[in-house]
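K.L.:
Heads up: the sequence lines are chains A, B, C and D, in that order. Residues in the first sequence are numbered consecutively from 1, following the numbering used here. Residues in the second sequence are numbered consecutively from 1, following the numbering used here. Residues in the third sequence are numbered consecutively from 1, following the numbering used here. Residues in the fourth sequence are numbered consecutively from 1, following the numbering used here.
Since the hints were derived computationally from the structure, they do not count as laboratory data. Treat each hint with caution, since some may be false.
In silico lysine-lysine, DSS-like type, Cα no more than 25 Å apart, as pairs [to be verified]:
#1 C/LYS442 / D/LYS109
#2 C/LYS447 / D/LYS625
#3 A/LYS113 / D/LYS625
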Amino acid sequence: MTSMEAIIFAIVSLIAVVGALGLVFAKNPYHSALWMVFSFVGLAGLLALLEAYFLTVLQLIVYAGAIVVMIAFVMMTIDFRKVGGLSKFVPQWLWGLIISFGILIDLFILASKMKIDVSQSGKNLAIAGSNTKALGMELFTHYLFPFELVAIILLVALIGVVVLTKREIK
Amino acid sequence: MENYVPFLMVAFILFAIGAIGVLVRRNFFVVLMSLEIMINSAGLVFVILSYFSGTVSGQVFFIFVAAVAASETAVGLAIAVLMYRVRHTVDVTEFSMMKR
Amino acid sequence: MNQLHFPILSFITFWPLLGVFILLFINRKNEAAIRIVTFVFMLVNFLVSTLLYFHFDPTTWQPQFVDKIPWISSLGINYYLGIDGLSLFLVLLTTFLSVVGQLSTWSAIKDKVKEFNIIFLLLLTGMLGVFESLDAFLFYVFWEFELIPMYLMIGIWGGPHRVFATMKFFLYTFTGSVFMLVAIMATYFLFHHYTGIYTFDMFQLASHPLPYNLQFWLFLAFFIAFAIKVPMFPFHTWLPWAHVEAPTVGSVILAGVLLKMGTYGFLRFNLPMFPNMVHTLGIVVIVLAIIAIFYGAMVAMVQPDWKKLVAYSSVSHLGYAMIGMFALNSQGMEGSIMEMVNHGISTGALFLMVGILYERRHTRLFSEYGGIAAIMPRFAVLAGIITLSSLGLPGTNGFISEILCLIGAFKANIWYGILAAGGAVVSAIYLLMMFQKVFYVKTRNVKNLGLKDLDLRETFYMGICVVVILWIGIYPNPLLSRMHVSVEHLLQHVNSHSEQITIKDVDKNLACGKLVKINAISRGGL
Amino acid sequence: MEWLLLLCVLSPAVGCIINGLFGRWTYRAAGVIGSTFLGISFALAVPLIIYAIQGHVVDYSYYHWIVSGKFTVPFGLRLDSLSAMMLGVVTFVSFMIHIYAIGYMGGHKGYARFFTYLNLFVFAMLLLCMGNNYLTMFIGWEGVGFCSYILIGYYYEKKTAADAGRKAFVTTRIGDIGFIVGVLFIILYFGSVKFTDVFAQAHMISPAIITIITLALFLGAIGKSAQFPLYVWLPDAMEGPTPVSALIHAATMVTAGVYMVARSAPLYALSPTGSLVVASVGAFTALFAATMALTHFDLKRILAYSTISQIGYMMIGVGVGAYWTGMFHLMTHAFFKALLFLSAGAVMHAMHGVLDMRLMGGLRHKMPQVCIVMIIASLAIAGIPPLSGFFSKDVILSEALMLGHPIIWLVGVVTAFMTAFYMFRMIFFTFFGESRVPEGMHPHEAPSVMLVPLWVLAVGSIVIGGILGVKVHGHISIEHFISLTSPNAFPIVHKYSETLLIIISIIAGVLGIAVAWLAYIPKGAFSFRSFVVRTFHPLYRCFFNLWWVDEIYNFLFCRPFWHVSERFLWKAVDVKVIDAGVDDVGRVAGLTGRAVRILQTGFINNYACWVSAGALIICGWYLLKIM
C-alpha cells in the first residue's frame with residue numbers, strides 16, 4: 001500500500017466509522033439519517049479505493065441518495081411529538097453491547113486467521129479499462145438467473161409494501 | 001495493495017457498530033438504518049475479497065446485496081408506518097404482539 | 001428395464017393427481033359426480049396397474065417397469081421408480097383397496113365430499129410412490145407425503161377423539177420417520193466414504209454392506225422407523241387409537257396399505273443393507289414378533305369395541321409377517337409378503353364389515369349387537385368368509401401366508417415355529433368370539449331389528465374381497481411365482497453376509513472412538 | 001380314474017355352491033338337491049372302491065397348490081384301500097343322513113343353509129380322506145372342523161349352541177396346532193408332504209424325530225377325535241341338529257383322527273413309543289368316557305360319551321399297530337352309531353326336542369320301528385354276535401392282547417361291559433317301563449323319509465361286520481384289504497385261544513345287558529339302584545358330575561387366560577404402561593415447551609439478541625476449533 005493510498009484509506013474509513021457511530025448514538029433520528037449519509041460517503045470512498053468504480057457511484061446515488069431520502073421522508077410522515085420522551089436505548093442495552101463486541105472479536109480473529117490468495121490482487125477487475133463493462137459482462141452472463149431472481153425479490157417487496165400500507169386498520 | 005486486513009477490519013467494525021445500533025436503540029427508524037450499515041459492511045467484504053482475489057464476482061454480489069437491502073428497507077419502512085398507525089409509536093419495545 | 005416402453009409406474013402414481021385437478025372443477029354440491037369421477041379414476045388406475053401383473057417378468061430380480069430420470073444429479077438423487085417381486089403385489093393391493101375403499105365411502109362420507117375425495121386421491125399417489133420408488137430419497141419424500149392426507153383423513157372425518165388420535169398417529173410415525181431420515185443420510189455419506197460414490201439407489205446402497213458397528217446403529221434407526229409403522233409390539237399403541245377414530249375407509253387404507261409400508265421397509269432397507277445385523281439382531285425382532293402374535297391376539301380378545309379388536313388383531317397378524325421375514329428362508333419370506341397382501345385384503349374387509357354396520361347403527365360396541373345373522377343374512381355370509389380368512393382357514397388366503405410363515409419360522413428354529421403356531425388358537429378364539437357376539441345369539445336390541453341387508457354396491461365390494469380371498473386361497477401360485485426370484489436374490493444376498501458379531505463388539509468399537517470417525521466423514525461429505 | 005375321483009370329491013361342493021348361492025330360490029328343493037349331489041358322489045364312489053379292491057392305487061396331483069422355493073405342495077388325491085374304505089363309509093353314511101335330514105329338518109328356517117353346510121362338510125371330509133399329502137388333508141381337516149363349528153351353531157340364536165360351536169372349534173384347534181407342528185417337522189425332515197415321499201423316506205430319519213412327529217400328529221387326532229384330554233367339546237356339540245351329530249360327531253369327522261393315524265401307519269410303525277401313547281390314550285379315554293355315560297340322562301350326550309369311548313377303542317386298534325382293526329371298528333361304528341343318533345333324533349323329533357330320558361319311558365308302543373332299530377344298534381355296540389360291533393370290537397381286543405398289551409385289553413373288556421350296560425340302560429329307560437311323557441305331548445312314529453335310512457343303516461349294522469370280519473380260508477377280508485395300505489406294524493408276541501377271547505367279550509356284553517335289565521326292569525329295581533348309589537357314593541358323584549373336567553378346565557385355563565388378557569395385558573400393560581409411556585414422552589415435550597416459553601418475551605430486541613448471540617456462539621465455536 002502506498003502512503004498515498006494509506007492516507008486516503010485512513011480518511012475514508014474514519015469517515016465511515018465516525019458516521020456509523022454518529023448514526024447509532026445520535027438522539028435525534030433525523031440526525032441519524034444525516035450521519036448515515038456521512039458514513040455512506042466514506043464507504044463509497046472505500047469502494048473507489050478497491051477499484052469498484054461502478055459500485056462507488058451506485059453507493060452514492062442509491063444509498064446516500066435514494067434510501068436515505070426515503071427513510072427521512074417516511075420519518076417526516078410520522079408525528080414525533082407523540083414519541084417524545086423516548087429514551088434512546090432499550091433496557092437490555094448492556095447485553096446488546098456485549099454481544100456486539102463479542103461479534104467484533106470473533107470477526108477480528110477471523111480476519112487474522114483468514115488466508116486468501118492475493119496473487120491476482122487488483123487484476124481482472126476491468127475489461128478494456130472499464131470496470132462497468134466487466135461487471136456487466138459478469139452480471140448478464142454468469143449471474144443472469146440470480147439477477148432475475150433479485151428482480152423478482154424487488155417485485156415481491158414492492159407488492160408487499162403496497163399491500164401492507166394500503167390495509168385498512170380497524 | 002496486498003494487505004487486505006485493514007479493509008476487513010473496517011468492514012467488521014462497521015458491522016459491529018451496526019449490530020450495536022440494532023440491538024440497543026429503541027427507535028425503529030434508527031434500527032433500520034443500523035441494519036443498512038450492517039448490510040453495507042457485508043457487501044463491502046464481498047468487494048474487498050473481489051479485489052484481492054482478482055475476480056469481479058464479488059462486485060456482482062454487492063449489487064445483489066444492495067437490491068436485497070433496498071427491498072428490506074422498503075418493507076421495513078412499510079412495517080414501521082403500519083406499526084405507527086396501530087400503536088402510535090415507533091418504539092420497538094412496544095412491538096410485543098408476538099407475546100400472547 | 002421397462003418391458004412396456006411406457007412409464008406405467010409414473011402413470012399410475014400421478015394419474016390420481018390428474019383426478020384431483022379435475023375434481024377442482026366440479027361443483028362441491030354435486031356429490032354424486034365427485035364420487036363417480038374419483039371412482040372412475042381409481043378404477044382406471046387399478047386396471048392399468050393390473051398390466052403390471054400380466055407383464056411382470058418372474059424370471060428376474062432386477063427392478064422392472066423402471067422410470068429413471070436424474071433429479072439432483074450432483075447429490076446422486078434420481079427420480080427412480082421400479083418394482084420387483086417384493087413390491088409388485090403391494091402396488092396392486094394399494095390400487096385394489098383404493099377402489100374398494102372409495103366405493104365404501106359413497107354412503108359413509110356425507111360432508112366435505114369433495115375435500116375427502118381429493119385427499120383420498122393424494123393419499124393414493126403417496127402410497128404408490130412409497131412402494132414404487134427405488135431411490136431412498138424419493139422413498140422418504142413419498143413416505144412423508146403419504147402421512148399428510150392420512151392425518152387429514154382421520155383428523156377431519158374421524159370420530160369424537162379424532163384430534164388426539166390423529167396427533168398421536170402423526171407424531172408417533174413422524175418420530176420414526178426422523179430416525180429413518182437420519183439413517184438414510186448416514187447410510188448415504190458412509191456409503192460414499194467406503195466406496196466413493198454418492199447414491200441413493202437402494203440396490204446400489206445394498207451392494208456394499210457397511211462395517212458391523214455402523215450397521216448396528218443404522219439397523220436400529222431403521223428398525224425404530226419401520227417397527228412403529230408395522231407396528232411391532234411395544235410401538236403399537238397408536239394403532240388402536242387411529243383405527244378407532246378413523247373413518248371406515250381410513251381404517252381400511254391404514255390397515256391395508258400403510259402398515260405394509262413398515263414391513264416393506266424392512267424388506268427394502270434393513271434386510272439388504274444391513275445383512276450382518278439381520279443375523280445378529282434377527283432374534284430380537286423374532287422374539288418381539290412372537291410376543292406381538294400372542295399379545296395382540298390376547299388383548300384383541302377382551303376388547304369391547306369392534307374396531308379395536310380388529311386393530312389389535314393387526315398387531316398379531318403382522319407378527320407372522322415379521323417372523324416369516326426374519327426366518328431368512330424362501331418360504332418364510334414369501335409367506336411374509338403373502339401375509340402383507342392377505343392381511344391387507346382380509347383386515348381391510350374386516351374394517352369394511354365394521355363400517356357397514358357402523359353406518360347403520362352408529363356404534364361399534366359388541367354389547368349393542370347380536371343376532372345380525374338373522375337380520376342381514378347376506379352380510380353374515382360374506383362376513384363369515386372374511387372372518388375365516390383372517391383366521392387362516394385352509395382354502396382362504398390367510399392359510400397360505402400363515403403356513404408359509406410357519407414353515408419359514410420352523411426352519412429357522414423349531415421353537416419359533418411351535419410358538420407361532422400356538423398363536424393360531426388365540427386368533428381362533430377372538431375371531432369366533434367377534435363373529436358370535438355380532439352375528440349369533442338372539443338380538444336383544446330393538447334397534448337392530450330393522451337393519452337393511454347389503455345393497456348392490458355393498459355386496460359388490462364385499463363380494464370382490466371374498467373372491468380375491470378365495471382365489472388366493474385356492475390358487476396362490478401366480479403370486480408366489482412372481483415373487484420367487486426376487487426373494488431368492490434377497491435371501492442369497494442376506495445369507496452371503498452372515499458373519500455375526502456380538503453387541504459387545506459394537507460397544508468396544510464405539511469406545512475406540514469410531515463415532516468421531518463418523519463425524520469426520522460426515523463433515524468431509526458436507 | 002383320477003378325474004372320476006376328482007368328480008366324486010367335488011360333487012358335494014357343487015351341491016354346496018348351488019344351495020349356497022340360490023338357497024333363497026331352491027327353498028323346498030334344497031334337501032333334494034343336496035342329497036342328489038351326495039348320491040352322485042356315492043354312485044361315483046362305487047366303481048372307485050371296486051377299482052381299489054382290485055388292488056389298484058390312484059395317486060394324482062391335479063395342480064401345484066403352493067410352490068415356495070424348493071418346497072411344493074400339490075393339490076392331489078389318492079385312492080388306495082384305506083381311503084377307498086373311508087370313501088365308501090363317508091359317501092354312504094352321509095347319503096343316508098342327507099335323506100333322513102330331508103324329513104328331519106323339513107320346515108326349519110334356513111333349510112337350504114343346512115344343506116349347504118352339510119354338503120360343504122362332506123366335501124371337506126372327502127378332501128381329508130382322499131388327499132394325497134398332509135396339507136391337502138389339512139384343508140379337509142380344518143374344513144370339517146369349521147363345518148362342525150357352523151353346524152353345531154346352526155341354531156345360532158341359542159347362546160349355548162353358539163358357545164358350543166366355538167368351544168368345538170377352539171378345542172380342536174388346539175389339537176390342530178399339534179397336527180401343524182407335526183407337518184412342519186415332516187416338511188423340515190422330509191422336504192415334502194406327499195404321503196408317498198414321506199413314507200418312502202421314513203426309515204432314514206432318526207427314530208426320535210419320528211416319535212416327535214407321531215406324537216404331534218396324534219395331538220391333532222386327540223383334538224379332532226375327541227380323546228382325553230381334549231374331548232370336552234364333543235358332548236357340547238350335541239347342541240347341533242341331530243343329523244349333524246350323527247354325521248359329524250359320530251360317523252365321520254370324529255373318526256378322522258383314527259384315519260389319520262392309520263394313514264400315517266408307516267410313521268407310527270417306526271415309533272413304538274408313539275404307538276403306545278396312541279393306544280394308552282385310547283384305552284384311557286374309552287374307560288373314562290364310558291364312566292361318564294353311565295349316569296347321564298341326556299339321550300344325545302350318552303351317545304356322545306359313547307362315541308368318545310368307541311373312538312378310544314379305535315385308537316387302541318391303531319395304537320397297538322393293528323390298523324385294520326381300528327379302521328374296521330371305524331366302519332361298523334359309523335353304521336351303528338349313525339343309526340343310534342338318527343334313532344335318538346327320531347325320538348327327539350317325536351318328543352318335540354326333549355332329550356331328557358326321565359321324561360320318556362314306554363315309547364316302544366308309540367314308535368315300535370324306531371325302538372327295534374335302536375335295539376339293533378345297541379346290540380351291535382354292545383358286541384353281541386353276530387352283529388357288526390361284535391366282530392370289530394373283538395378283533396381290537398384280541399389284537400391288543402396278542403400284541404402284548406394285557407392291561408389295555410383288560411380296560412377294553414371292562415369298557416365293553418360298561419358300554420353294554422349304559423346302552424341298555426338307555427334303551428330300557430326310553431322305550432320300556434312306564435310312560436313318563438309329560439301331558440300334552442304325543443310321540444308318534446317317524447315319517448318314512450326318516451325310517452328308510454334307519455332301516456338301511458340297521459341292515460348295515462347287522463351284516464357289515466359279518467361280511468367283512470369273518471375268517472374265510474384263514475384270512476379276514478377287511479384285514480387283507482386295509483393291510484394293502486397299512487399293514488400290521490408289530491409282530492404278535494403271545495398266542496391266545498381266539499375262542500376264549502370271544503367268549504370273554506361276549507360275556508362282558510351279556511353281563512352288561514343283564515345288569516341294566518336288573519337295574520331298570522324288575523319290580524325291585526329302584527331299591528337296587530339306590531343301594532348301588534349309596535354304596536359307591538363318591539364314585540357315583542364323580543361319574544354324575546363328569547369328573548368336573550369342564551369346571552377344572554374353566555378354572556385352570558379359560559378364566560386365567562381371560563383375566564390375564566383383560567386385567568393384566570390390556571388394562572394394565574397396554575393402557576397403563578405402554579400407551580401411558582408414549583403419552584408421557586409427549587407430555588415431556590409439552591413441559592419442555594412450557595419451560596422454554598419463558599424465553600419468548602415478545603420483544604423483538606430480545607429476539608435480535610438471541611439471534612446474534614447464537615451467531616456469536618456458533619462462529620466462536622468454529623473459530624476456537626481452527627485456532
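K.L.:
Among the hints numbered above, which are violated by the structure, and what are their numbers in rising order?
P.N.:
2
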